[in-house]
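Novice: Make a model of the complete structure from these sequences and hints.
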Amino acid sequence: MTIEGRDPVAFFDFKSANAETPNTILFDATKSYDPDNLDASNLSFAWIIDGDRVNLSSPARGGSIGKFTFNTVGTHHVTLEVTNKEGKMISYNKDITIDSLLSVKLITSPKISTIGSPVTLIADAREAQAFEWQFGDGENDISTSGRITHVYKKSGTFDVSLTIRGKGAQSTNTISRKVYVMSSNSPFAIITLKRDNEEIIPTSGACDGQEAFVIDRSKAMTMSAENSVNNDGTNAGLSYTWKYGSKNSSQREFSYKFDELGCFPITLTVRSQKTSKTSTMTSYVKIENLPPRLSSLGISPDKIESDPVTVTVTANNAADDDGAIVSYIWYYYTEDDPEPQDFRITRSPKTVFVLPRVTGKYFFAVILEDSNGTKVNSEDITSERFSISLTSDSINTPIISLKTSSTSISTGQKVDFNVTVKNILGSDIATKAEYKWDYNGDGFYEETTNVPKASHTYDMPGSFNAKVKVTYKGVSNTKYQTIVVKNEITPNLEYVAIGKKFVFFNTTRGLYTSAKWRIGDVTSTNPASFVYDAEKEGTMPTDVKLEVSDGTLSKSITTSLKKDTINALRLKRNEDKLVYFSYPLADNDTIRVSDPADRVFIYLGESRGQITKYVIDTNARVDSDLNGETGDDADNRGTDSAANGSPFAIKNMDSSIKERLVKLSLYDANNKVIATKDIKIIYEFADDISADTLSGALDTVPKDISEIDKANMEKLKDLIRNTKEQDRLKMMQYLALLQENWFDTREKTKIIIDFETYIDSTSPIDAKMKEEFYSILEGFLMSDNQVKDDITLATKVLKSLIPKTNPSYTQIMKNIDEILSHPTNITLNKELGTFILDAIKNDSTINNQDKLTIKSQLEVIINGGQNNVPQKDVVEAEGSSSILGFIIGFLKLFGYLLLLILAIFLGGFVYFRMFNKDENIGFQDFLIEKLFNRKQEDFNADIITSFTPEPNKPIIDPLQTLSTPPETEEEPTTASESFTSSELISESESITEPESTTESESIAESMETPEISTESTEAIEPSPNLDTGIPDWLKQTTSLAGMEEESESIPESLPTPESEITPEPETVSEPEPVELVETKDLLSPEPTPEKQEEIVSDDL
340 MTIEGRDPVA FFDFKSANAE TPNTILFDAT KSYDPDNLDA SNLSFAWIID
390 GDRVNLSSPA RGGSIGKFTF NTVGTHHVTL EVTNKEGKMI SYNKDITIDS
440 LLSVKLITSP KISTIGSPVT LIADAREAQA FEWQFGDGEN DISTSGRITH
490 VYKKSGTFDV SLTIRGKGAQ STNTISRKVY VMSSNSPFAI ITLKRDNEEI
540 IPTSGACDGQ EAFVIDRSKA MTMSAENSVN NDGTNAGLSY TWKYGSKNSS
590 QREFSYKFDE LGCFPITLTV RSQKTSKTST MTSYVKIENL PPRLSSLGIS
640 PDKIESDPVT VTVTANNAAD DDGAIVSYIW YYYTEDDPEP QDFRITRSPK
690 TVFVLPRVTG KYFFAVILED SNGTKVNSED ITSERFSISL TSDSINTPII
740 SLKTSSTSIS TGQKVDFNVT VKNILGSDIA TKAEYKWDYN GDGFYEETTN
790 VPKASHTYDM PGSFNAKVKV TYKGVSNTKY QTIVVKNEIT PNLEYVAIGK
840 KFVFFNTTRG LYTSAKWRIG DVTSTNPASF VYDAEKEGTM PTDVKLEVSD
890 GTLSKSITTS LKKDTINALR LKRNEDKLVY FSYPLADNDT IRVSDPADRV
940 FIYLGESRGQ ITKYVIDTNA RVDSDLNGET GDDADNRGTD SAANGSPFAI
990 KNMDSSIKER LVKLSLYDAN NKVIATKDIK IIYEFADDIS ADTLSGALDT
1040 VPKDISEIDK ANMEKLKDLI RNTKEQDRLK MMQYLALLQE NWFDTREKTK
1090 IIIDFETYID STSPIDAKMK EEFYSILEGF LMSDNQVKDD ITLATKVLKS
1140 LIPKTNPSYT QIMKNIDEIL SHPTNITLNK ELGTFILDAI KNDSTINNQD
1190 KLTIKSQLEV IINGGQNNVP QKDVVEAEGS SSILGFIIGF LKLFGYLLLL
1240 ILAIFLGGFV YFRMFNKDEN IGFQDFLIEK LFNRKQEDFN ADIITSFTPE
1290 PNKPIIDPLQ TLSTPPETEE EPTTASESFT SSELISESES ITEPESTTES
1340 ESIAESMETP EISTESTEAI EPSPNLDTGI PDWLKQTTSL AGMEEESESI
1390 PESLPTPESE ITPEPETVSE PEPVELVETK DLLSPEPTPE KQEEIVSDDL
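Residue numbering for the sequence shown follows the working numbering, beginning at 340 and increasing consecutively.
If you are wondering where the hints come from, they were derived from the structure by calculation, not from laboratory data. Since this is a predicted model, take the numbers as computed values, not measurements. Note that the Cβ used here is the ideal one computed from N, Cα and C, for glycine as well. Check the hints yourself; a few may be wrong.
[Claimed, not checked] Using 30 angstroms as the maximum straight-line C-alpha spacing, the simulated DSBU-like pairs for lysine-lysine come out as follows: (1) K840 <-> K901; (2) K839 <-> K916; (3) K825 <-> K855; (4) K1180 <-> K1087; (5) K753 <-> K808.
[As the list claims (entries may be wrong)] Label-pair ranges, simulated between beta-carbon atoms: (6) T414 <-> E599: 36 to 44 angstroms; (7) S380 <-> S645: 32 to 40 angstroms; (8) Y431 <-> N1186: 49 to 57 angstroms; (9) T1166 <-> N1010: 50 to 58 angstroms; (10) K354 <-> I387: 17 to 25 angstroms.
Specialist: The following block contains the structure:
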């Protein structure tokens, strides 16, 4: 098999080389690349200008960079041919317009002159008609020649400016150069900067109005003193001293590369070794950042006829020449709607969009951001747009239009969202669709509605890509709208007065970067708090002023102060060593917070004793320092609070936690505890999802993801990034579903189950990584402070999977709680569990897979953990091995029967030949006479007249499990009820299975049929090792029926009725009818959904 390489990708940019030569163009084809190795190292470049192949001047990087000078104005056609090592060639074309041929080069001779000596200025400009000179000393001149002489009357550095004019009135060009004039008794220092052997011309006003050499960091530059001269006009007899930044050098010329951006001074001092006189020159260098670059965007749709369509977008040849690309911000828009859609940020130059298959043209773009914060859009880099076109054949695809009351607001303001939805036929379907709203664009839908409108109040500043997802008849589409929220600062402060001491807390709303407190002449810049002691300061304050700023806007507030002697008295009477004050005020060591924007402040500065350390553990139930203890974390470590007990602010980091336990501790110099105190913080705005109880279902869920879940979500993304591409795409789909359904507890649980099942089935992922996936995903099911054990996890899954629409929902929740309340009462718990299974049995909103999961998790709870669930025998019967075993067994049995019949026949024939004396008797007659002691004709008569079969008996299924054999009572049967053998055969066929089997096959089946229990229908699974590696709580091969006593196995064989052959009629016993029991054939396919219903409904 031969794998053919792809064609290279050709692209070039161009710009004027410099202002002095407007008709000299610098071509740059470095964005061309080979898609098989994503670089240009193996490419060759050829340039064709106006049909002629040309060689560029000053070529670099293998001919991808070079200059060309045009001799005529107008439009010129330029073609670039790029060829790879395999000989594949691709071309790229552009038209270039040249507006002016007024190129000019200005030479000064000498470059350094002395006072009174003439300086000759030579301008090389072939197309110029007139030359206008400004010598920099106040004198001007006009000439028709490019050569002129001027005498300077004083020393210094002069800027000479030359403007040349062509034939047209608008055809001009201006350049400038420096002329250096020195006195005859001292040297003259000149700084020259070069790169790639070309001198860099300073740019006027580049550094805060100062002239500077402008350069980037991609390559080193050369700093030279080659143009500096001694007082005799030569370069000899000089010593050099350079100072640039914090570095020094004594070389005449050297190379250096600046690492930081900005303006930096460069100072050169030259000293005459003969006269010891010096000259110093200072210039500035401005280091500019080079923006990131790319050559093109690769658009690769996967199965463009599918719905939705998966599109992989790649930033080809993306790089940053003087740093690194730190992020890629992707989005798309349509031809009909230029509003950017589906923003996402990645660290790799590739992303995957999932687009609804809605007819239209979709354009893709990426914003590259480098390590210096420079952002550049791909459409600005390439001047091209990259797109695909989709066509839709689904009438149910919702076409969305999203409008907002405002797209630019201040913090605390509300935005109204309104959606209009139509299908591709133009019919209004807005009232028939479901809407999910993601207000801040983080991928988590905060609200689900059945009406096409919603409102949201933005409390934080920033740019938010609000999104609505509309679903109609199972088909979804999304729409984005960017909401810009400006910061609105509302200054505010609270304080606690303790006698003559005042403790201030900054409760300003909005984001601020600095704060300043002022009481009289006393000021503080602590952003969060301020403590003022009037006894120490000597002045009792009457008011306090707080000024806050966000860097651009400042606001202030002044508050009058009142003394509080009650707090001072309480402090005096309090004998506790640990004393704290708080905002909001504590009541019985409980602080209540009613607004999520509020912070809690703790002040320990009035505590008593030889205290060397004040410790505040902001969440005593969480081991934040990972030392194995939950109540000894010093969350205020490194702050003034830890050193002197000054106020410490606790942020409301997790809105999903209703109650927080805070532990305060004092330590002495020996690190021994002096005193401790526990206080509670109750967040009244948070939903009550306390981890201390699993009682009841969660009627409400928080509308914000916790900080811990956010961190774990990032860990999950990192794990996904480390998987193989085919697994990564599938996992990203699960991740997107998880984010979309985060606040839908039931759907979230189901997605996590499916996610873990997929991970378990993915063999390339090693066991350690799978465990990391399981740990994170299972953590998403629990509250941050819940203990993650089998029973807690099973309870969470069980309650989440039961829909609230179930008629017995309330009773089911009560039963679950009751099971948890008496875990050792297995008998009662089985009865409660049976009710739950019966209640979900016919619930059509729960699919069969979820019913099996509910059943398995109920088992875990009843048995007190996954390890305590009884294991049942499972009939291992894989289709291919069972069929093969049956065939082999059948062939063996058939062979044995053939051998036995052949042996009997041969033995009988030998016996006939040895002992037969009557030559008139044949072999068959001989056997009849010897075996039955009668003649052939008598035997035939008996068969016709005296054969009495048994009455119609039911067929007994050999796979039926019977605990006790059925008893039968014999009833007389008269000869008139008998029938012939042909009738017996006919009757037997009428009550057997549709497909008849031979006697040999029946015997084979009876010999191959394994011993099986009544639970076999439930126990058989596609594979006996299906649960290997699956988390315990997800295992479904267990069954509650396994808690019953095992039924007796069927006997290896059942008695077969016999028909007696007698010359006289006899009575034949008739057993009582036995009810047929349907059992599962070992070779039958997997259970149908109806069969799974039966499995779930088994009794406990």
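Novice: Just tell me: holds or violated, for the beta carbon distance of T414 and E599 against 36 to 44 angstroms?
Specialist: 43 angstroms, holds
Novice: Does K901 lie within 30 angstroms of K840 when you go C-alpha to C-alpha?
Specialist: 11 angstroms, holds
Novice: Within 32 to 40 angstroms: is that where the Cβ-Cβ distance between S380 and S645 falls?
Specialist: 38 angstroms, holds
Novice: Compare the distance between the alpha carbons of K1180 and K1087 with 30 angstroms, and conclude whether the hinted pair is satisfied.
Specialist: 22 angstroms, holds
Novice: Using the Cβ atoms, figure out if T1166 sits within 50 to 58 angstroms of N1010.
Specialist: 54 angstroms, holds
Novice: Do the beta carbons of Y431 and N1186 sit within 49 to 57 angstroms of each other?
Specialist: 55 angstroms, holds
Novice: Return holds or violated for the Cβ distance of K354 and I387 against the range 17 to 25 angstroms.
Specialist: 19 angstroms, holds
Novice: Tell me if the straight-line CA distance from K839 to K916 falls inside 30 angstroms.
Specialist: Judged against 30 angstroms, a Cα distance of about 21 angstroms means the pair holds.
Novice: Is it true that the CA of K825 sits at most 30 angstroms from the CA of K855?
Specialist: Since the Cα atoms of K825 and K855 sit roughly 22 angstroms apart, the hinted pair holds (cutoff 30 angstroms).
Novice: Is it true that the CA of K753 sits at most 30 angstroms from the CA of K808?
Specialist: 20 angstroms, holds
Hint violations for this structure: none, all hints satisfied.
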